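Protein sequence lines, in the order shown, are assigned to chains A and B. Quick note: the first sequence uses this note's numbering, first residue 1, plus one each step. Quick note: the second sequence uses this note's numbering, first residue 1, plus one each step.
Everything labelled a hint here was simulated from the structure, so no lab data went into it. Hints may contain errors.
Unchecked claim - Think about it this way: if two alpha-carbon atoms lie no more than 27 Å apart in a straight line, the pair counts; the simulated DSSO-like pairs of lysine-lysine are:
{"id": "1", "chain 1": "B", "residue 1": "Lys248", "chain 2": "A", "residue 2": "Lys29"}
{"id": "2", "chain 1": "A", "residue 1": "Lys29", "chain 2": "B", "residue 2": "Lys425"}
{"id": "3", "chain 1": "B", "residue 1": "Lys167", "chain 2": "A", "residue 2": "Lys29"}
Unchecked claim - To give a feel for the contact side, a few chain B residues facing chain A, derived at Cβ under 7 Å:
{"id": "4", "residue": "Val32"}
{"id": "5", "residue": "Val36"}
{"id": "6", "residue": "Pro211"}
{"id": "7", "residue": "Met258"}
{"id": "8", "residue": "Phe266"}
Bear in mind that the values here come from a model prediction, so they are computed numbers and not experimental data. Even for Gly, the Cβ is constructed at its ideal location relative to N, Cα and C.
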Amino acid sequence: MSTGAILTMVITMVIVTGFAGFFFLRVLKPPKRTE
Amino acid sequence: MAGNAVGLGNFLRFPVQAVNNGGGAFIIPYLVSFLVMGIPLLWIEWSMGRFGGRMGNHSTPYILDSMARAKFWKYFGVFGIWTNIAVAAYYCYIESWTMSYVFHSIFRSFDGLSQSEVAAFFQNYVDISTTTTGIPFEAPIFYVLCLLLNTWILSRGLSGGVERTAKIGMPLLIVFGIFLAVRGLTLGTSGATPEHPDASAWAGLDFLWNPQFDSLSNPSVWLAAAGQIFFTLSVGMGTIHCYAAYVKERDDIALNAMAAGWMNEFVEVVLGSLIVIPIAAGYLGLDWVKQNAGFGMAFQTMPFLFENWGPFLAAMAGVFWFGLLFFAGITSSLAMGTPWMGFMRDEFGFSREKAAWSFGIITLILGLPTVFLYNFGVFGEYDYWAGTVSLVVFAVAESIIFAWIYGIDKGWQELTNGADMKVPKFYKPIIKYVTPTFLLFVFLGSVITPLGGNWGDALQSLFSGNGWPLDNGSIIKQIMNSGLKEQIAAAADDATRSNLEDRLFFINAARILLLAAFVGICLLVATAYRKRVKEGRI
Numbered sequence: 001m002s003t004g005a006i007l008t009m010v011i012t013m014v015i016v017t018g019f020a021g022f023f024f025l026r027v028l029k030p031p032k033r034t035e
Numbered sequence: 001m002a003g004n005a006v007g008l009g010n011f012l013r014f015p016v017q018a019v020n021n022g023g024g025a026f027i028i029p030y031l032v033s034f035l036v037m038g039i040p041l042l043w044i045e046w047s048m049g050r051f052g053g054r055m056g057n058h059s060t061p062y063i064l065d066s067m068a069r070a071k072f073w074k075y076f077g078v079f080g081i082w083t084n085i086a087v088a089a090y091y092c093y094i095e096s097w098t099m100s101y102v103f104h105s106i107f108r109s110f111d112g113l114s115q116s117e118v119a120a121f122f123q124n125y126v127d128i129s130t131t132t133t134g135i136p137f138e139a140p141i142f143y144v145l146c147l148l149l150n151t152w153i154l155s156r157g158l159s160g161g162v163e164r165t166a167k168i169g170m171p172l173l174i175v176f177g178i179f180l181a182v183r184g185l186t187l188g189t190s191g192a193t194p195e196h197p198d199a200s201a202w203a204g205l206d207f208l209w210n211p212q213f214d215s216l217s218n219p220s221v222w223l224a225a226a227g228q229i230f231f232t233l234s235v236g237m238g239t240i241h242c243y244a245a246y247v248k249e250r251d252d253i254a255l256n257a258m259a260a261g262w263m264n265e266f267v268e269v270v271l272g273s274l275i276v277i278p279i280a281a282g283y284l285g286l287d288w289v290k291q292n293a294g295f296g297m298a299f300q301t302m303p304f305l306f307e308n309w310g311p312f313l314a315a316m317a318g319v320f321w322f323g324l325l326f327f328a329g330i331t332s333s334l335a336m337g338t339p340w341m342g343f344m345r346d347e348f349g350f351s352r353e354k355a356a357w358s359f360g361i362i363t364l365i366l367g368l369p370t371v372f373l374y375n376f377g378v379f380g381e382y383d384y385w386a387g388t389v390s391l392v393v394f395a396v397a398e399s400i401i402f403a404w405i406y407g408i409d410k411g412w413q414e415l416t417n418g419a420d421m422k423v424p425k426f427y428k429p430i431i432k433y434v435t436p437t438f439l440l441f442v443f444l445g446s447v448i449t450p451l452g453g454n455w456g457d458a459l460q461s462l463f464s465g466n467g468w469p470l471d472n473g474s475i476i477k478q479i480m481n482s483g484l485k486e487q488i489a490a491a492a493d494d495a496t497r498s499n500l501e502d503r504l505f506f507i508n509a510a511r512i513l514l515l516a517a518f519v520g521i522c523l524l525v526a527t528a529y530r531k532r533v534k535e536g537r538i
């Protein structure tokens, strides 16, 4: 695998996994409503 | 909703689209499409659906009608029903393959087969004239069984039960997917054999992830990328509107849309890219992958991987993998039934059973040609028009309605109503300007894609009076079947020519069938409109 391919793969996967994990946790544990 | 979004598109369609559109050339338009079209459209559709639900509308023709004054918009909403039926017609066929492969895994049909024989097994399966089990017409039988199961679940109102089961099935699929992805990452060249000496999983990964920036100027790649984003997120289909029409006013639709969208991307980009392509390239070589890219690729390669694990584990892995894929598929195909059912129940007072069975019958009529004429390109034709082009057309219409006709301020208020999540404000101009413009560019660019995707040469040709040279991948040339006609003209022998002519005939017949279904739904919408006027509901 070329360096460009490895970098693209790793960076993309880290970003996608990070966002997926963040929103998944937000749905599991939503912040309390203030109203 | 993530259960609906995560489906066969993640594991089976994404790798195919990536291979057919240049691997690394595909990833950049794909990710950009997700950020500027996928996310905004998820929000648009959830907001439109919830708004329509408050007005008592549960399908796109009258959801669109309730947001726009001009009467013609409801006919754009026909896409939101038609696309679901047309996609369900061929999607259930793929789903039936997973069902059949569970059966074949249990009965050890792949025992002792080489890589090429496992690949040939699938070709025999979809070739209706041969049989892999001794059961005649095996593929249509599994297709009908699969469609019957879908229809029965819809008619009994058990979709909720399936969704609840999917809450267990989906994490299991992800865990098993991670396991297979690790195998895809570590396979390397260990799968090479004298039969396939160049087999290399690294070559597959390199092909997929090596960025090629020249693809950014090719609208066909953009259309394919946008089509994949729409297909995988189920946007541009009308399914989300239907689902959102039943959520409560204070539900956090912004967060739900984000969670479903990103989870879907995780499964597709992280797992979908690390399983089928590297494993297929690792056992059969990258050239084989490029020549055989299709929905069937996973069926042609995964059983061979499992067979290397010994008889018991091979059977277990086959049942687990194909069974879980079936689960992922059925949650999506059940969702495809709901827009038709919602429309018929709202407008014509159909009972749930009647609405579900009518959906099943129409889907069967549209779907059987994809089964019997799979090798004549009918399946691919459905996927192109219903699974790619129509999604973009509908998305253009709904983004214009939401941002420009209903109004971005009212739309934004609908989106953020009940949201705990702070929706980034920069998405407001993106939804208003970027998304519709981007969609229009992708669509119009695909209609007139120049030869070889070379816009500079095409403009030069136009200004020098030689006209606009169209590529065979452009929508105009697709309509004219130019590529196929060129193949017929260049056919070396009568048998090949005859086969290609049959292909041309069946492709045109399939288009007429799809068009007839669209016109039929338009007539139903017009009838429903007259009924509404008569009953004083408009």
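Hint check results:
Taken as a hint, the B/Lys248 and A/Lys29 pair is honoured in the structure, with Cα atoms around 19 Å apart against an allowance of 27 Å. Using a Cα cut-off of 27 Å, the hinted pair A/Lys29 and B/Lys425 holds, with the two alpha carbons roughly 23 Å apart. Note on B/Lys167 and A/Lys29: the hinted pairing holds, with a Cα-Cα distance of about 17 Å set against a maximum of 27 Å. Nearest Cβ of chain A to the Cβ of B/Val32: about 12 Å, over the 7 Å cut. The hint is violated.
Evaluation of the B/Val36 hint against chain A yields a violated restraint, the C-beta minimum of about 15 Å exceeding 7 Å. Hint status for B/Pro211 relative to chain A: holds, with the closest Cβ pair at about 5 Å, below 7 Å. Interface restraint check for B/Met258: the shortest CB-CB distance to chain A comes to about 5 Å, inside 7 Å, so the restraint holds. About 4 Å separates the beta-carbon of B/Phe266 from the nearest beta-carbon of chain A, less than 7 Å, and the hint is met.
In summary, the structure is inconsistent with hints 4, 5 from the numbered list given earlier, while agreeing with the others.
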